[in-house]
Amino acid sequence: MEPSDEALCQRVAERDEAAFDLLVARYQERAYRIAWSVLRDGEEARDVSQEAFIRLYQAAGGFGGRARFSTWFYRILVNLCLDHRRKHAWWKRVLGGGRPDEPDGREAVIERQPAEPVDPLAGLGREQVMTQLWAAVATLSPQQRAVVTLHVQDELPTREIAGVLSCSEATVRVHLHRALISLRATLGKA
Amino acid sequence: MALTHPETELIPYAKGELAAAEHERVAGHLATCAACRESLAAFGGILESLARTAPEPPAVPWGRYRTELREKLEARRHRAWTAWWRRPVPLALSASLAAALVFIAVRGGQQPATVDVASVEQAVLGARLDLLRQYGIVENLDLLENLDVIHNLDGLETSRKG
Chain H
1 MEPSDEALCQ RVAERDEAAF DLLVARYQER AYRIAWSVLR DGEEARDVSQ
51 EAFIRLYQAA GGFGGRARFS TWFYRILVNL CLDHRRKHAW WKRVLGGGRP
101 DEPDGREAVI ERQPAEPVDP LAGLGREQVM TQLWAAVATL SPQQRAVVTL
151 HVQDELPTRE IAGVLSCSEA TVRVHLHRAL ISLRATLGKA
Chain S
1 MALTHPETEL IPYAKGELAA AEHERVAGHL ATCAACRESL AAFGGILESL
51 ARTAPEPPAV PWGRYRTELR EKLEARRHRA WTAWWRRPVP LALSASLAAA
101 LVFIAVRGGQ QPATVDVASV EQAVLGARLD LLRQYGIVEN LDLLENLDVI
151 HNLDGLETSR KG
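Chains H and S are the protein sequences, given in the same order.
1 is the number of the first residue of the first sequence in the numbering used here; add one for each residue after it.
1 is the number of the first residue of the second sequence in the numbering used here; add one for each residue after it.
Quick caveat, the hints were computed from the structure, so don't treat them as lab data.
Hints may contain errors.
Some chain H residues well away from chain S (every beta-carbon gap over 10 Å; in silico) [to be verified]: (1) GLU14; (2) GLY64; (3) LEU82; (4) LYS87; (5) ARG159.
Calculated lysine to aspartate or glutamate pairs in the EDC-like style (CA-CA distance at most 20 Å, straight line) [to be verified]: (6) LYS72/S / GLU48/S; (7) LYS72/S / GLU127/H; (8) LYS72/S / GLU44/H; (9) LYS72/S / GLU17/H; (10) LYS72/S / ASP16/H; (11) LYS15/S / GLU48/S; (12) LYS72/S / ASP47/H; (13) LYS87/H / GLU43/H; (14) LYS87/H / ASP47/H; (15) LYS15/S / GLU44/H; (16) LYS15/S / GLU29/H; (17) LYS72/S / ASP154/H; (18) LYS87/H / GLU44/H; (19) LYS87/H / GLU51/H; (20) LYS72/S / ASP21/H; (21) LYS15/S / GLU43/H; (22) LYS72/S / GLU43/H.
Some chain S residues judged to face chain H by a derived CB distance under 10 Å, without partners named [claimed, not checked]: (23) THR8; (24) LYS15; (25) GLU17; (26) ALA34; (27) ARG37; (28) SER39; (29) LEU47; (30) GLU56; (31) PRO57; (32) ARG66; (33) LEU97; (34) GLU121.
The structure presented is a predicted model; accordingly, all values stated were derived computationally and were not measured.
For every residue, glycine included, the Cβ atom is placed at its ideal position computed from N, Cα and C.
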């Protein structure tokens with residue numbers, strides 16, 4: 001029987017390297033994807049998600065088991081992502097724009113769109129709408145984007161998202177509602 | 001009854017996350033509010049579309065990712081071990097603490113003041129060792145003094161008779 005995440009975290013606290021490797025293997029893809037959804041940069045997402053694992057290793061003893069391990073770990077990760085964005089926002093403003101691969105925060109998202117699943121009812125118009133919709137997601141605030149990502153891609157309930165973002169459930173609901181209002185407006189213009 | 005749209009509760013309602021009483025309240029509102037029904041349908045459609053078409057981040061070679069992570073972790077451990085000595089404030093505090101401990105040790109190791117006086121006395125006596133060697137003379141000082149007194153007494157007696 002596979003050990004639970006919580007049991008592995010306990011073993012990491014006792015400096016069990018194998019347990020740490022197992023947790024990394026379980027969460028590396030999810031951690032990287034969440035970091036990327038907030039940061040929209042592959043290199044930064046890689047660095048920040050690795051940093052989250054290092055923090056996990058260092059702070060495993062502080063995991064009290066009151067929340068699920070995933071909530072606790074995502075909190076570390078999302079906080080690192082938001083801190084990273086805050087620190088780099090000033091430099092981006094000074095340098096007058098985003099990174100070369102992401103000049104306005106939209107193009108890169110459009111380029112990274114996967115091929116649409118084959119849908120006989122979907123035409124070119126629908127594909128364009130989805131491209132615009134994801135471009136609009138990229139322009140949401142980091143908190144709103146984190147809520148949308150955790151809701152849509154990780155299917156976390158509101159209560160867990162609140163735990164990850166260290167805020168109330170009501171705040172998560174407001175973030176999600178505002179994000180949806182914004183995205184709906186984008187669809188209205190499309 | 002005031003019309004309050006439960007806008008932020010629509011998605012939690014659809015996901016079945018609301019408490020029973022809250023769920024009932026939203027359901028009752030939706031039964032009578034076309035605008036909220038329309039919003040719920042639109043929001044649900046957006047979330048469902050996003051879930052189906054979520055963009056994938058750039059691919060990552062996971063073996064290399066874990067190797068990098070291991071290297072970073074090792075570097076962090078090493079830095080944590082050595083960083084303490086590089087920081088000026090802890091170093092200054094350590095130096096101050098060490099100096100304080102040395103001072104306390106030196107002060108604490110000293111003998112009480114009475115012992116010091118005894119040592120000084122011994123040293124003085126040592127310096128007067130020659131005098132002590134002539135102790136016989138010293139011992140006879142009283143006798144010499146007495147002879148003076150006797151001599152003086154003789155003088156006094158002579159003057160009284162005279």
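When you check the alpha-carbon spacing of LYS72/S and ASP16/H, does it fall within 20 Å? Distance ~17 Å between LYS72/S and ASP16/H Cα, so the pair holds.
Is LYS15/S within 20 Å of GLU29/H, Cα to Cα? Since the Cα atoms of LYS15/S and GLU29/H sit roughly 25 Å apart, the hinted pair is violated (cutoff 20 Å).
Would the hint on GLU121/S be counted as holding, given a Cβ-Cβ threshold of 10 Å to chain H? violated, 63 Å
For LYS87/H and GLU43/H, compute the direct alpha-carbon distance and say whether it is at most 20 Å. With Cα atoms ~16 Å apart, LYS87/H and GLU43/H stay inside 20 Å; holds.
CA of LYS72/S to CA of ASP21/H, is that 20 Å or under? At roughly 14 Å apart (the allowed maximum being 20 Å), ASP21/H and LYS72/S satisfy the hint.
Closest CB of chain S to the CB of GLY64/H still more than 10 Å away: For GLY64/H, whose nearest Cβ neighbour in chain S is about 23 Å away, the distance exceeds 10 Å, so it holds.
Measuring from the C-beta of SER39/S to each C-beta in chain H, is the shortest one below 10 Å? holds, 8 Å
Far enough from chain S: is every CB of that chain over 10 Å from the CB of GLU14/H? holds, 16 Å
With a cut-off of 20 Å on the C-alpha distance, tell me whether LYS15/S and GLU43/H pass. Not satisfied, since the Cα-Cα distance of roughly 34 Å exceeds 20 Å.
Are LYS15/S and GLU44/H close enough, with their CA atoms no more than 20 Å apart? Violated, at about 33 Å.
Would you check whether the claim that ARG159/H is not at the interface survives, using Cβ distances to chain S and the 10 Å cut-off? Since the minimum Cβ distance to chain S is about 7 Å, ARG159/H lies within 10 Å and the statement is violated.
Does ASP47/H sit within 20 Å of LYS72/S, going by the straight-line distance between their CA atoms? Status holds; Cα separation ~10 Å.
Violated hints for the displayed structure, listed by number in ascending order: 5, 6, 7, 15, 16, 17, 21, 26, 27, 33, 34.
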